[in-house]
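Chain E is fixed; fit chain H onto it per the hints.
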Amino acid sequence: MKRLTWGFTVLVALAALVWAGAPAVSQPKVVKIGDLGSKVGVFEGYGKYQTWGVQMAVEELNAKGGVLGHKIEVVSEDDETKPAPAVRKAEKLILQDDVKLLVGAVSSGATLAVMDVTKKHKTIHWNSVSCAEFMRTTKFHKYYFSNQPDSRMQANGLAKYIVDKMGKKVYIFYTDYAMGQSDGRQFKTALEKLGGEVVGVAGAPLDTKDFSPWFGAINQSNPDVLFVAFAGTDSLRLMTQLHSFGMTKKYKMAGIDCFLLQQDLASIAEPMEGFVQLNHFSPYNPDANMQAYNARFKKKFGTDANIAAGSYDAVLFWAAAVEKAKSFDPDKVAEAHEGMCVDNTHIGRQCIRKEDHQVVMDMHLYQVKGGKNLPIARIAGSDSIGEAMVGKDPVEGFTWEIKKK
Amino acid sequence: MDYLVAVLLPQLLHGLVFGAALGLLALGLTVIFGLLGVMNFAHGELYMLGAYAGIAVVGVTHSFWTALIVAPLAVGAIGAVTEVTTLRPLYRREPLYGLILTFGLALVFREAVRQIWGGDMRRILPPVTGSTPLLGMVYPNYRLFLLAASSILLLAIWLFFTKTRAGILVRAAVQDAEMLDGLGVNVPRVFTLTFAGSAALAALAGLLLAPIFTVYPQMGVEMILLAFIVVILGGMGSMGGSVVAALVIGLAQSLLTLWMNPQRVAIAIFALMIVVLIVRPRGFFGREGVLE
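Those protein sequences? They're chains E and H, same order as listed.
Residues 1 to 405 in this note's numbering are what the first sequence lists, from first letter to last.
Residues 1001 to 1292 in this note's numbering are what the second sequence lists, from first letter to last.
Worth double-checking, as some hints may not be accurate.
As the list claims (entries may be wrong) - Which residues of chain H face chain E? A few of them, derived with a C-beta cut under 7 Å, are:
hint, residue
1, 1115
2, 1119
3, 1252
4, 1254
These are calculated hints, taken from the structure and not from any lab test.
Glycine included, every Cβ here is placed at the ideal spot set by N, Cα and C.
Chain E extracted, bound-state conformation (with noise of 0.2 Å):
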């Protein structure tokens, strides 16, 4: 009997040791990082598409030993498309899942709120999709960084095509929340400086089912050309009612970068036709490194990139930062950001300007043809990105007013 418990009792030292020594050996540090997004709502497309982009980043890392020697693990969370949630699951994945980067959200508004937390926490935070201009100036803090080209670079890149080659009367057609006053601020004001004149400006709440109330005050405008600020369901149900009022061929239509994906303009070819914007990719952009990051993606996920590519770009970035740094602690992860350059993002070369943290990024000029994005001007980082403004307001002493010429 005591030989049979002390067999007993060096089973289950041998046991322990055995389950002890287990994970060193089978498994890899683990680093996590935090994919915030739209999983439902008016935005629901790009969330999914920031999550694939995310996805195939880490693949793509962990095929080469991770970062640091850690294995990457992606945890997702909706944010509902509103602020309050978004604040809600970024606190989650900071303080329950202990990411080392948050990557979000999709909305602009969930976005600035984001950004309270992030700073909060010093938790690295890269906006790939977002646009609003408050995030590189009043909204500010050193663990930001992004690579969505926001308001202020848009309207640089876009203003001056409009005004040149397209019209010069521009009725302003916004959606109304952070990222459609942003645009609708930065578009005016690059507009009036160019010599264009804004004969209208009206915005609509996000989400908005029915847009007709508006056309009549588009139409006694008047405009050659009708700027929309709109993205997500909003930009499809808007051109498709354009569209039925004989709109979309009466003014010639430019718009914001994200308002529609490519994956939408195949179903919508037709109201779009001719459609300007500005945006930074498109499977038919002929750049070889734009192709060859689309073609792995085809190959993923069976369908063309789109916005993902941002998201994609960033975690390179961070990961690039965090070998740099070698280390994840924050502070120094974010100064390994600063006037850092990755040269295998999607249109190869990147660098992040030090002082606000945004990538200078080169964006392309497209027109829709035939439900195609096709490139017809391509516009430097260098000429769009605007001065460092940190803390100011780009615009300020801003009004809506229209001025009668």
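Just chain H now, kept in the frame of chain E:
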């Protein structure tokens, strides 16, 4: 005069089109409440299912008109099965049970659609194309068709409830189901068919509005809020009240946008609902005692 013709009248037309379509959606909701005493939180999802069923039928037959018949029938059948298997066992319990059940059903329907069709938005092309010069603008023919179709449907529903034996049976069931049962009428079948009919009506509204509003899994959630406001304003269970309230909301949304920030228009409509709930809880035409 120019302002009236160029601005006010077109806005009035926009409001009428939206209000009539909203009336179709709210009518099913109010009938179910009047008959079963259940606030059907899944009604928006039945509206959404109508649009997706339409996409499926159009995909096979390439005909919107066929979809307009098949999709409501299919959703009506789903409604009938849902009523028999889930709602019927709860009729004798407190209304809260039905409320929670339909809330759960809404989640199930929405996620099922997301699994089958994905979350991307989809578009159904209008079967009536072109536009008509009207009030100094070109007005899409499909919107005029929508206004005509909604008006005819609302009239047909009114005739059904007032002139046909089946409609009178439903109204009798709303008044006193036990008495009807005592007279030998198969009341559970009346309930099932009414629920199925309301589901089909929601589906019809979903498909009719799809060419204008596009199709995506959340579309029902967003419309149902307005439909609930319509039902509360019109009077819980009052069919005529729902139609009037839908038109009031459609017109208010359209006209107030001319003078107010649209966000304030939405607030104004909610404020109106709150005032009605406080001052006259039964709504414009509701029965005395409901919500009082």
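Going down the list of hints, with the structure as the test:
1. At a threshold of 7 Å, the smallest CB-CB gap from residue 1115 of chain H to chain E is about 13 Å, leaving the interface hint violated.
2. Against a cut-off of 7 Å between C-beta atoms, the interface hint on residue 1119 of chain H holds, since the closest Cβ of chain E lies about 5 Å away.
3. Taking 7 Å as the C-beta contact cut-off toward chain E, the hint placing residue 1252 of chain H at the interface is violated, the least distance being around 11 Å.
4. Taken as an interface hint, residue 1254 of chain H checks out: its beta carbon lies about 5 Å from the nearest beta carbon of chain E, inside 7 Å.
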